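Please model the entire structure based on the sequences and the hints provided.
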Amino acid sequence: MDLILPVLNSITLGSLFTLMALGLTLTFSVTRIVNFAHAELVAIGGYVTAVVTNYIGLSIYESLVAAFVASAILALAMDELAFKPLYKRGSPTLFLLVASIGIDLVVRFSLFLTADATGNIIIQTKVPIQPLMPLGKTYLTTFQVVVIPLTLAVVVVLHALFHYTKVGKALRAMADNEDLARVSGIKIYTLRRLAWMLVGGTAGLAGGLWSIYLVIDPDFGWNSLLRIFAASILGGFTSFWGTVIGGYIIGFAENLGIATLNTWFGVSTAYAPLISFAIIVAVFLIKPSGFAGIDLSSLLAKLRGLHKNLEPEAEG
Amino acid sequence: MMFEQLYTMIPFITTFLTFYAVYLMLSLSLNLEYGYGGIPNFGHVFFESIGAYVAGNLTANLLNWIVAARGGICAYPASHARMMFAPLHPIWIVGMFVFSIIIAALVGGIFGYLASYPALRLKEDFLAITLIFIGEIGRVVVRNERSIACGLVGLTGVPNPFIWLRDPNLMFIAYTVLAILFAAGSYMIIKRFVNSPFGRLLKSVRDDDLVAMTLGKHVPKARAWALILGSSVAAVAGVIKVFFAQGVFADDYVPLITFVVLSMVILGGMANNKGVLLGALVMTALDFMISPSFFTVFGVTLQLNVAYIKYIITGVVIIAILLFRPQGLISERPVETPGLDIAKRAGVMKPTAGLEIPAERDEADS
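As they're listed, the protein sequences go chains A and B. Position 240 (the first sequence) corresponds to 283 in our numbering; numbering is contiguous. Position 127 (the second sequence) corresponds to 309 in our numbering; numbering is contiguous.
All the pointers check out, no bait thrown in.
The calculated lysine-lysine pairs, modelled on PhoX-like cross-linking and capped at a C-alpha distance of 25 Å, are: (1) B/305 / A/127; (2) B/456 / B/385; (3) B/526 / B/456; (4) A/131 / B/305; (5) B/373 / B/403; (6) B/399 / B/373; (7) B/385 / B/526; (8) B/305 / A/330; (9) B/385 / B/403.
Since the hints were made in silico from the structure, they are not lab data. All values reported here derive from a predicted model rather than from experimental measurement.
Written out as structure tokens, the structure reads:
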């Protein structure tokens, strides 16, 4: 069996899922909102990219910037119009989740309405994907060369922003204890806006890249939401690096994993979503902190400790 | 003239009332779980679909066995044979309906009990995530397992229990009356349930389970019973819908249905069954008024697909109610106990006790 193509596909899908899930992780870690409308930020990004490239004729990079901006504005609008007023009233987190479902319905079906009226229910960004170099029986394409480094770059930038700048420090303080952050003079609402713009931007970028890779419809954000949540939850819902690992695990599981199950056990490939769902349930029940909860240094210490315990026996 | 007009309206009116009954059962059971119990069971459509699959599969298999049809439940000749058999044997077909209701209620209850396993262990927003995706996963499985409900094609040939009345209008009227009776029955059961001491326990668990626990109450049992009762009512609603549509289609059971039911509960008022009666009526009326067939009655043909507008309005309703009237159209009332009656008569107590909304935070740097 030629493994290069499925592995390459898994990595590409993993990168896209990671990019989609980063925003969700950021939302939850800063605002504690479980945002189901995140799916629509991705969908809007995809549509903006496709429409700007196909109808206005700008280059793909300009379209991706447009998608970033459009989704960032949408995310900001979501927060200002719905989440922030509810939050200020001290609504429980479950209310915010229900509100996000409402926002999801409004945006998704508005998108359906416009796409249907203009005849764009199914659309794909018209950008030729060229093969760069042969790799076994397949080719490494320009798309993969852009997507994979871009994902990693976004993660590195977000990580650096969160851990090595003053803004990041303030954001982390806000995530930890908002009232305390506020009395220390951190402008929490300004930071909140920044966070939402980053959330929308990365999601829009991911949607735009997805629209180059595959045909999209207004439901594609919602249909990817299970994978997005699985990736984010696997990463503990609050850690960027955890999300990266989660995203690639989902990418591999939904591609290579289901193909393996199909050839060996005859499981239908249509059951791919079940893997993501099983991952969500398993993480929630067994280790809700996901990969972020695994403390590497203590794990190493434990291993070393085990080693030490074994040593006296060896000597004696 | 008047009578004739009414006669032509029968299919429309009966369909509306049956759908209202189904939605009412769904929203009352969601209200029991989410409004009274604080359990965000947003996978409600999954429990409805369980009832639908049980009813469809059971009826089709048993009737196939009776008529000795070949080719399994999905084959067209078998489906046709079932529909031919039904009008001639009223006892069998009514018996199948009753049997389906009982089995669906039991199976729904069992699944509700299974759902209480994560419900006791997860934080409420994580539980909501899990349950929303259960709704999606159930559909994925049934679409691919042909033996449950014939996969993508859907299972047809589940005869209406009143098909032996021959006249379609009479059949619709009889079935609608039956559906309304079931909805009324669910209302009475849930009302008794939430006004009993157990209902008060459920509310206290919702407000603070730690306090309930310190008073020696068994919190997991309260949550499990709310889920069992809620899920079995939802499953019965699924059965009612299947025998009305005379078929089961996996793609009918999408998470969107849960969200529409959720909007009914939120609009009417959480933890208030009378509010839910109103909320379900408003949303079902909206569902029927924003449909292409309704517009053509008035001679208007629209270029837009109005089904989308329906869901946009559903979303707007959810957000607007949460923002401007979180207690819903009719706010929560205290549990009806004999003591409350006496207190009201003596004028000791104000009859309202709704959600308390804390004052807004100041907006110094917003």
